[in-house]
Amino acid sequence: MIENRPFLNMAAHLVLILGVCIVALPVWVAFVASTHGPTAFMSGTIPMWPGPDLVKNYSQMLGAGVSTSGTPPVGVMMFNSLIMALSIAIGKIVISVLSAFAVVYFRFPFRGLAFWCIFITLMLPVEVRIVPTFQVVADLGMLNSYAGLSIPLIASATATFLFRQVFLTIPDELTEAARIDGAGPMKFFRDILLPLSRTNIAALFVILFIYGWNQYLWPLLITTSSDYYTIVAGIKRMADAVDGLPQWHLVMATAMLAMIPPVIVVVAMQRLFVKGLVETEK
Amino acid sequence: MASITLNNVGKIYAGGARAVGGVNIDIADGEFLVLVGPSGCGKSTLLRMVAGLESISEGEVRIGDRVVNEVEPADRDIAMVFQNYALYPHMSVRQNLAYGLKNRGTPKAEIERRVGIASDILQIGPFLDRKPRALSGGQRQRVAMGRAIVREPAAFLFDEPLSNLDAKLRVAMRLEIKELQKRLRTTSIYVTHDQLEAMTLADRLVVLNGGQIEQIGTPLEVYRRPASAFVASFIGSPAMNLIEASAVPHLPGTAHAGHVGIRPEDLTVTADGPIQMTVMAVEELGAQRLVHGRTGDARITITLPSDAPLSDDLRLSYRPNALHLFHKDTGKRVD
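Quick mapping for you: the protein sequence lines, in order, are chains W and G. Take the first sequence: its letter number 171 is residue 171 in the UniProt record's numbering, and every next letter is one higher. Take the second sequence: its letter number 250 is residue 250 in the UniProt record's numbering, and every next letter is one higher.
It should be emphasised that the hints constitute simulated quantities derived from the structure, not laboratory data. Here the structure is a predicted model, which is why all the values come from computation and not from measurement. Backbone N, C-alpha and C fix where the C-beta goes; we use that ideal spot for every residue, glycine too. Keep in mind that the hints are not guaranteed to be accurate.
To be verified - Which stretches of chain G does chain W cover? Using the computed rule of at least three CB atoms under 8 Å from a CB of chain W, they are:
1) 94–108
2) 285–294
To be verified - Quick list of in silico lysine-lysine cross-link-like pairs, DSBU-like style, CA-CA up to 35 Å:
3) G:K332 / W:K275
4) G:K102 / G:K131
5) W:K187 / G:K168
6) G:K102 / W:K187
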């Protein structure tokens with residue numbers, strides 16, 4: 001439906017502006033909080049304009065960290081988060097693209113069963129299986145390690161399913177042409193399938209990177225050494241001040257810093273991301 | 001280059017359905033053979049069995065003097081042109097042409113040379129660095145043929161390569177394919193459902209129906225002496241008139257004839273012809289016109305020069321040797 005009336009245009013813009021405000025306000029408040037001193041947010045009235053301590057707060061977080069709540073400097077936690085998010089995103093993509101390739105292009109016994117087994121794991125996210133998974137990871141000695149942070153989250157039914165759908169849209173004749181051109185299965189996979197799913201891989205990478213970056217419960221559970229704290233779990237630890245008030249100005253500064261990498265990933269990959277989600281022609 | 005032999009070839013699908021049965025064809029070195037038939041007649045299945053994309057349930061396929069039943073498609077020394085071109089969308093035209101050669105470990109210089117030759121033949125030189133999506137349908141079809149040519153295979157296999165093109169381009173590409181094949185003298189098998197394409201391209205054509213061969217012959221043999229009522233109605237445009245034998249007076253009698261066939265151009269209008277025709281519709285083609293009508297219960301079509309006089313009732317006559325008689329039970333030709 002395409003209407004062209006000034007009133008409707010205004011109404012549409014109003015709704016959009018309202019939506020943006022609702023989304024942006026908390027971010028703004030967080031930013032404002034990160035520029036004030038420690039007492040500003042305890043005084044009863046929340047300031048709405050930036051204060052004088054921006055440089056001081058951020059340099060403290062980037063430098064020394066908050067020793068009272070036992071968190072390392074933000075840099076270390078950001079690095080841990082980055083390793084974890086990248087391992088999860090890349091690991092998920094590698095595994096799911098290979099299993100989708102197997103399920104779509106090979107006729108092996110119990111192929112349907114294999115696919116449905118993968119599919120059923122959709123019903124078992126980390127939160128449901130967290131106790132047994134913790135047990136397994138602990139028994140394998142993977143507590144406080146990058147492997148422990150990422151491997152249990154790598155298996156992905158969603159991504160497998162997505163790649164299966166992508167592969168099903170690739171015409172059979174392309175597969176046959178490649179067979180006649182003498183491309184074996186792995187060569188076909190590398191030369192034809194991967195380049196053709198490039199945009200889908202990019203879109204998935206964006207989603208999975210953010211998924212990995214935002215992991216909260218799992219890192220909180222299996223990291224006890226501050227060397228392996230991730231930023232999202234670190235924020236939680238900082239807010240848990242035991243014998244004093246939470247230092248909101250520092251917590252918010254950390255939160256602002258934690259938002260930067262996902263934003264960079266989204267902005268940098270926006271074009272591929274959109275293409276990967278809407279493109280249908282192969 | 002090589003001959004291709006199909007020896008009692010059949011295809012039975014996993015469910016037990018038979019797609020093709022008892023096909024025997026000898027294709028000579030350099031011959032252009034066309035498989036033609038309605039959709040579902042098994043012509044594509046047959047081609048795909050030669051290509052190795054479909055397993056062979058019965059009989060054997062030879063390319064040259066080698067039985068290739070169990071040979072991988074890539075090792076059969078054939079090249080195939082697909083209906084939807086099947087170009088690799090993410091590769092440039094040059095990479096599309098080179099891909100098969102690269103996989104075979106052909107030296108770089110040799111690949112360059114062959115791509116150069118093929119692009120000269122097909123006049124696709126200016127597009128070599130474009131992606132397929134930036135090409136028109138006809139250009140894509142050329143690239144698909146180029147991909148076959150660079151391989152210098154023993155045989156070309158065409159699977160309805162012109163079906164996706166518009167009518168005008170189809171006629172032009174048809175001629176190009178014919179000239180190309182004459183020039184390269186590569187054995188070719190070409191599948192189509194378009195009888196006109198089959199007639200114009202073929203050295204010999206094979207008419208298939210229901211997975212069985214109805215007739216093999218040169219286009220003119222098939223046109224002049226169709227082996228069955230099916231072939232008679234399938235080959236030729238406008239289609240041959242098929243009339244119940246009992247409805248035709250003074251038939252040079254055979255007792256077994258079920259249908260009489262007569263080509264529209266073999267019927268002439270005369271004042272005292274034995275067949276009476278009631279005209280129902282006229283189609284102008286420019287040089288001639290098609291006149292559709294009825295004789296008794298049967299529909300009948302004749303072609304007339306565009307300046308011939310018309311009336312609602314025509315009397316038609318024919319030369320006795322222009323009649324084709326078909327058996328009333330088997331539909332086979334009766335002589």
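So, going through the hints one by one against the coordinates:
1. 94–108: holds (count 4)
2. 285–294: This one is violated; 0 residues, fewer than the three required, reach chain W with a Cβ under 8 Å.
3. G:K332 / W:K275: 58 Å, violated
4. G:K102 / G:K131: With Cα atoms ~18 Å apart, G:K102 and G:K131 stay inside 35 Å; holds.
5. W:K187 / G:K168: Violated - the C-alpha atoms of G:K168 and W:K187 are around 39 Å apart, more than 35 Å.
6. G:K102 / W:K187: 12 Å, holds
Violated hints, in rising order: 2, 3 and 5; the structure is consistent with all others.
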